[in-house]
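The whole structure should be built from the sequences, with the hints applied where relevant.
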Amino acid sequence: MSTNHNRPLSEVEIRVKALESLLVEKGLIDPAAVDALIDAYEHKIGPRNGAKVVARAWTDPDYKQRLLVDGTKAIAELGFSGVQGEDMVVIENTPQVHNVLVCTLCSCYPWPTLGLPPVWYKSAPYRSRVVSEPRGVLQEFGLELADSVQVRVWDSTAELRYMVLPERPAGTEGWTEDALAELVTRDAMIGVTKVVVPGK
Amino acid sequence: MAISPEQALAAAAAGASARVAQAMTPRFNVGDHVMVSNINPPGHTRMPRYIRGKRGVIARDHGVFIFPDTYAAGRGERPQHVYSVRFTSHELWGTHGRANDELFVDVWDDYMERA
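Protein chains in written order, with the working numbering: chain U, 132 to 331; chain H, -11 to 103.
The hints are simulated quantities; they were obtained by calculation from the structure and are not laboratory data. A few of these clues could be false.
With a cut-off of at most 25 Å between alpha-carbon atoms, the simulated SDA-like pairs for lysine to any residue come out as follows [claimed, not checked]:
no., chain 1, residue 1, chain 2, residue 2
1, U, Lys157, H, Asn88
2, U, Lys325, H, Asn88
3, U, Lys253, U, Lys157
4, U, Lys325, U, Glu271
Here the structure is a predicted model, which means the values were calculated and not measured.
Next up, the structure:
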């Protein structure tokens, strides 16, 4: 952890340091194990994985079908699996239906495809408000939905982890899978925004 | 033995599913109308308060999973089906709900009754 001498450590930082030193002192973990996990979730496991899944689904109708029927298996085809992604469900946004994800009880989130959850996803205001006034929350993310679009909120209260398959934006016909993956954002796979083509 | 970097990464890559490989007859079928029980257990539960006593429809059967309420208390796995249950916005939020909008919540078998 980098140290900034200009400010005191936050309560969370102090707690994390205390927990880590206890685990090390008691011989339960090698400090290098913590570094390895931090490195993995900072550099290898994150929303670029989910973006590859989305781009594949946009370009391969058979893959998309498999993804919507058995998300866990189809995501594993691309090499993404593991803790907090053991049992995946992928739900599709359409012009008629907009899906958005939450874990009202805590912070459940599909780590292998989206990485660790953003702070706002874990915050009490998001968790309480997105279920009771989803359209208001989506507006705050800059997403205005027509009254005719149905909003579906998915609360991952159990062991399933969800990911939204966003709509492929218009004007991307003929794009390569890699170019499409570049467009896909974490927030679009949570369902708080749509995928857009920059400059359009 | 202290957990090594290799062990930590292997554990993260392997995961640990709470799914139970045990065939059980589901109590509910997709399309069944259900009511979430108004239970308020003193210990761990994974049923959010905002669906207690509310009516919904079984949308998906996710299969059989460990029941956290008993497992967390050291009272066994008590495996059972988990379903995605669809609630209308109006059912959960009354007059502040929005016609046509819906919420899907994952609910264990033990949390529900037939409606």
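Hints, verified against the model:
1. With a C-alpha separation of about 55 Å, the suggested pairing of Lys157 of chain U with Asn88 of chain H is violated against the 25 Å cut-off.
2. Using a Cα cut-off of 25 Å, the hinted pair Lys325 of chain U and Asn88 of chain H holds, with the two alpha carbons roughly 20 Å apart.
3. Using a Cα cut-off of 25 Å, the hinted pair Lys253 of chain U and Lys157 of chain U is violated, with the two alpha carbons roughly 30 Å apart.
4. Between Lys325 of chain U and Glu271 of chain U the CA atoms are separated by roughly 13 Å; this keeps the pair inside 25 Å, and the hint holds.
Violated hints for the displayed structure, listed by number in ascending order: 1, 3.
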